[in-house]
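2 protein chains.
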Amino acid sequence: MPMDTVAKPAIVTCTAPVNIAVVKYWGKRNEDLILPINSSLSVTLDQDQLKTTTTVASCRSFQEDRIWLNGKEEDINHPRLQSCLREIRRLARKRHNDRDCSVDMGCLSHKVHICSVNNFPTAAGLASSAAGFACLVYTLAQVYGVDGELSGIARQGSGSACRSMYGGFVQWIMGEREDGKDSVAQQVEPESHWPDLRVLVLVASAERKPVGSTSGMQTSVETSSLLKHRAKSVVPDRMKQMIEAVHKRDFDTFAELTMRDSNQFHATCLDTYPPIFYLNTVSRQVISLVHQYNRHYGEARVAYTFDAGPNAVIYTLQQHVAEFFHVVRHFFPPDNNGKKFLTGIQVEPVSISEELKNAVCLEPMPKGISYIISTKAGPGPHVLEDPSQHLLGADGLPKKNA
Amino acid sequence: MPMDTVAKPAIVTCTAPVNIAVVKYWGKRNEDLILPINSSLSVTLDQDQLKTTTTVASCRSFQEDRIWLNGKEEDINHPRLQSCLREIRRLARKRHNDRDCSVDMGCLSHKVHICSVNNFPTAAGLASSAAGFACLVYTLAQVYGVDGELSGIARQGSGSACRSMYGGFVQWIMGEREDGKDSVAQQVEPESHWPDLRVLVLVASAERKPVGSTSGMQTSVETSSLLKHRAKSVVPDRMKQMIEAVHKRDFDTFAELTMRDSNQFHATCLDTYPPIFYLNTVSRQVISLVHQYNRHYGEARVAYTFDAGPNAVIYTLQQHVAEFFHVVRHFFPPDNNGKKFLTGIQVEPVSISEELKNAVCLEPMPKGISYIISTKAGPGPHVLEDPSQHLLGADGLPKKNA
Numbered sequence: 001m002p003m004d005t006v007a008k009p010a011i012v013t014c015t016a017p018v019n020i021a022v023v024k025y026w027g028k029r030n031e032d033l034i035l036p037i038n039s040s041l042s043v044t045l046d047q048d049q050l051k052t053t054t055t056v057a058s059c060r061s062f063q064e065d066r067i068w069l070n071g072k073e074e075d076i077n078h079p080r081l082q083s084c085l086r087e088i089r090r091l092a093r094k095r096h097n098d099r100d101c102s103v104d105m106g107c108l109s110h111k112v113h114i115c116s117v118n119n120f121p122t123a124a125g126l127a128s129s130a131a132g133f134a135c136l137v138y139t140l141a142q143v144y145g146v147d148g149e150l151s152g153i154a155r156q157g158s159g160s161a162c163r164s165m166y167g168g169f170v171q172w173i174m175g176e177r178e179d180g181k182d183s184v185a186q187q188v189e190p191e192s193h194w195p196d197l198r199v200l201v202l203v204a205s206a207e208r209k210p211v212g213s214t215s216g217m218q219t220s221v222e223t224s225s226l227l228k229h230r231a232k233s234v235v236p237d238r239m240k241q242m243i244e245a246v247h248k249r250d251f252d253t254f255a256e257l258t259m260r261d262s263n264q265f266h267a268t269c270l271d272t273y274p275p276i277f278y279l280n281t282v283s284r285q286v287i288s289l290v291h292q293y294n295r296h297y298g299e300a301r302v303a304y305t306f307d308a309g310p311n312a313v314i315y316t317l318q319q320h321v322a323e324f325f326h327v328v329r330h331f332f333p334p335d336n337n338g339k340k341f342l343t344g345i346q347v348e349p350v351s352i353s354e355e356l357k358n359a360v361c362l363e364p365m366p367k368g369i370s371y372i373i374s375t376k377a378g379p380g381p382h383v384l385e386d387p388s389q390h391l392l393g394a395d396g397l398p399k400k401n402a
Numbered sequence: 001m002p003m004d005t006v007a008k009p010a011i012v013t014c015t016a017p018v019n020i021a022v023v024k025y026w027g028k029r030n031e032d033l034i035l036p037i038n039s040s041l042s043v044t045l046d047q048d049q050l051k052t053t054t055t056v057a058s059c060r061s062f063q064e065d066r067i068w069l070n071g072k073e074e075d076i077n078h079p080r081l082q083s084c085l086r087e088i089r090r091l092a093r094k095r096h097n098d099r100d101c102s103v104d105m106g107c108l109s110h111k112v113h114i115c116s117v118n119n120f121p122t123a124a125g126l127a128s129s130a131a132g133f134a135c136l137v138y139t140l141a142q143v144y145g146v147d148g149e150l151s152g153i154a155r156q157g158s159g160s161a162c163r164s165m166y167g168g169f170v171q172w173i174m175g176e177r178e179d180g181k182d183s184v185a186q187q188v189e190p191e192s193h194w195p196d197l198r199v200l201v202l203v204a205s206a207e208r209k210p211v212g213s214t215s216g217m218q219t220s221v222e223t224s225s226l227l228k229h230r231a232k233s234v235v236p237d238r239m240k241q242m243i244e245a246v247h248k249r250d251f252d253t254f255a256e257l258t259m260r261d262s263n264q265f266h267a268t269c270l271d272t273y274p275p276i277f278y279l280n281t282v283s284r285q286v287i288s289l290v291h292q293y294n295r296h297y298g299e300a301r302v303a304y305t306f307d308a309g310p311n312a313v314i315y316t317l318q319q320h321v322a323e324f325f326h327v328v329r330h331f332f333p334p335d336n337n338g339k340k341f342l343t344g345i346q347v348e349p350v351s352i353s354e355e356l357k358n359a360v361c362l363e364p365m366p367k368g369i370s371y372i373i374s375t376k377a378g379p380g381p382h383v384l385e386d387p388s389q390h391l392l393g394a395d396g397l398p399k400k401n402a
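Which chain is which? The protein sequence lines are A and B, in order. Numbering of the first sequence is given in this note's numbering, commencing with residue 1 and proceeding in unit increments. Numbering of the second sequence is given in this note's numbering, commencing with residue 1 and proceeding in unit increments.
Be aware that one or more of the hints could be misleading.
Since the list can't tell identical chains apart, any single copy or any two copies may satisfy a pair.
Unchecked claim - Below are the BS3-like pairs computed for lysine-lysine, each with C-alpha atoms no more than 30 Å apart in a straight line:
(1) Lys240 / Lys228
(2) Lys357 / Lys72
(3) Lys400 / Lys8
(4) Lys28 / Lys232
(5) Lys94 / Lys340
(6) Lys94 / Lys248
(7) Lys228 / Lys28
(8) Lys181 / Lys240
(9) Lys340 / Lys228
(10) Lys248 / Lys232
(11) Lys94 / Lys232
(12) Lys399 / Lys94
(13) Lys399 / Lys28
(14) Lys8 / Lys399
(15) Lys8 / Lys340
(16) Lys232 / Lys111
(17) Lys181 / Lys400
(18) Lys228 / Lys400
(19) Lys111 / Lys340
(20) Lys357 / Lys28
(21) Lys232 / Lys339
Since the hints were derived computationally from the structure, they do not count as laboratory data.
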């Protein structure tokens, strides 16, 4: 890189996806390295609906590392942010030395400016930290010219971020080593493997802010004996079964395992002392609705899963998505004050039979769900080539609209 | 017993108490004999507030066994009722033969009329079957002149009924034998052992009728791996700790174990497939209230426990009962339409500091709790000597007011 008199930043912009676990991660065996007590498996969601965009600019004239998140400058000294920066730089240095490369790695000593935005509200409760850290690590890797296995670094930003480094169906192998080197994500199948799998995110009207997942899982590890049992004796088999169900596109098994695993995760939260509740009245109503819907058809057409919050994520198949959407809409009549109830992939209008309504047999809960994001499985992070999409200007500061 | 020309029934009336488990029973290893997958421990509540009264009349002129429950004749052929009748009669015959007794056991061939009433509404969700079957077995035993260990028979009516055969603190030892002969209740300490232990039953305004415990626990045994783990690996130690806490009157340990065990039981319900929810919004609010109240004082002054329904049972000590009652009343403002909010042992008026109200920090939930029963530990079943309290008349039929 030739040195200009006026330093111009090197700028890279990437996007990364959200992922939703179907075998849940809950509990660390090492807090600093973020090593989990069990393996987990997730579906990466399509970035057409949900994504983080991150721009990293590197320049010798920058005085210090800085970060802007969703329009607001944040503290760059956050330990997990520092872990990612340190590990990527360490890897870049190592690769450079290994290759005895003649490429100028002066940029390794440059400070970076980072700017990141989500295209979905935090209120959607969609673990934005997974997409966020995946995007950060992926973008930094481009800046420093590092390729290869990066999920272990994303993991040190936010555990589940390692799974957002790949598209489709992704497992996070817990690993055994104390240094965590074998605790990485791996693609089980690409998103193209199961094209008719569909996803609905049911954003519940939250009653209050729940316990954060970092402190929640810490308390669970300390106090819940059911969690230890789950990690040691339940999850290993469940991972095998889930991977097989994905390979075979066996929705029935996939659905049952997904629901059982979500319930078991929330059971371990309840076994935590003091207990943690993430499911609220709306969540429980959605659970009932799904079971009664499936019972009506005598097969698992729809599955729910809940993370550390009240929002349901629904997995279903293309041929059932429209009917189920309208059933949800019927039992959770939306507020009609202008806000769109459905965003993302469109759903065709269908009418619901009285028989089905009677079979579900729930008291409608107006405004219980504030809106629904309709999406599907999607690919992993990628680079945006169009410079107009950079979030940082040539001055290294956020553009007005970023 | 001299034979009159006109047959007069032999009549006995007894009362039996409700019990509330602090180490929960959930799951049978044998459905017919009602043998549990783990031991359990409960506190027998005072019959001044909650009791079942049962009259049994035996007469050679009765054509058939009959039963009236809370004023309505019910089917005597209910299998569990038949188990109790059969087992008591078998035991009576055996005792008679063993002793080669000259007492006339003609009554063994007589039919019985049974009449039973609870002094509390079924809506209180207080597992009336425990008090009911304990009272039935105890009363039948008087009629047939049988004494000694009867909890194994009560157990065959309703599992937890065996614990209502004793007063105070009672354990139900799960036993190991296939015939269930060693699955019996045993008093750990009498009620006099811990005179300042107090109990408040918070009757929640139920949203809907929950899944019954018989079918609920069956599904749990079939589907929850956490339940198996709990029964095998958690409860044995917990029983030892709980018995020790009772012996030492160590409220802090008693309270924590009670809350942890209730939460773990409900966690296994959530791990059941499809999941079972017994806790509702009111229950979760009570749980928060208790933890925040205890945190405010830096010690466990109050403990909650929930059975297969939304009602909280609170254990506390005499010196805290008034304040805690008023805190509950503050955060669950009662309906003022004439119904008494407090029944049972009176509670003196106290005012609650603003500091405490702020520490609890909950949104008040008007009418969430419909009323509170204030009580304490009490004795086991006993005979009522006063004939005016018989529920059956000399004609063997329910009295008008029974």
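Tested hints:
no. : hint            : in the structure
1   : Lys240 / Lys228 : both (19 Å within a copy, 21 Å between copies)
2   : Lys357 / Lys72  : neither (46 Å within a copy, 36 Å between copies)
3   : Lys400 / Lys8   : within (19 Å within a copy, 98 Å between copies)
4   : Lys28 / Lys232  : both (13 Å within a copy, 25 Å between copies)
5   : Lys94 / Lys340  : neither (50 Å within a copy, 76 Å between copies)
6   : Lys94 / Lys248  : neither (40 Å within a copy, 62 Å between copies)
7   : Lys228 / Lys28  : both (11 Å within a copy, 24 Å between copies)
8   : Lys181 / Lys240 : within (22 Å within a copy, 42 Å between copies)
9   : Lys340 / Lys228 : neither (42 Å within a copy, 46 Å between copies)
10  : Lys248 / Lys232 : within (26 Å within a copy, 35 Å between copies)
11  : Lys94 / Lys232  : neither (36 Å within a copy, 51 Å between copies)
12  : Lys399 / Lys94  : neither (33 Å within a copy, 93 Å between copies)
13  : Lys399 / Lys28  : neither (38 Å within a copy, 66 Å between copies)
14  : Lys8 / Lys399   : within (16 Å within a copy, 99 Å between copies)
15  : Lys8 / Lys340   : neither (43 Å within a copy, 78 Å between copies)
16  : Lys232 / Lys111 : neither (43 Å within a copy, 57 Å between copies)
17  : Lys181 / Lys400 : neither (40 Å within a copy, 79 Å between copies)
18  : Lys228 / Lys400 : neither (49 Å within a copy, 58 Å between copies)
19  : Lys111 / Lys340 : neither (42 Å within a copy, 70 Å between copies)
20  : Lys357 / Lys28  : neither (43 Å within a copy, 36 Å between copies)
21  : Lys232 / Lys339 : neither (45 Å within a copy, 52 Å between copies)
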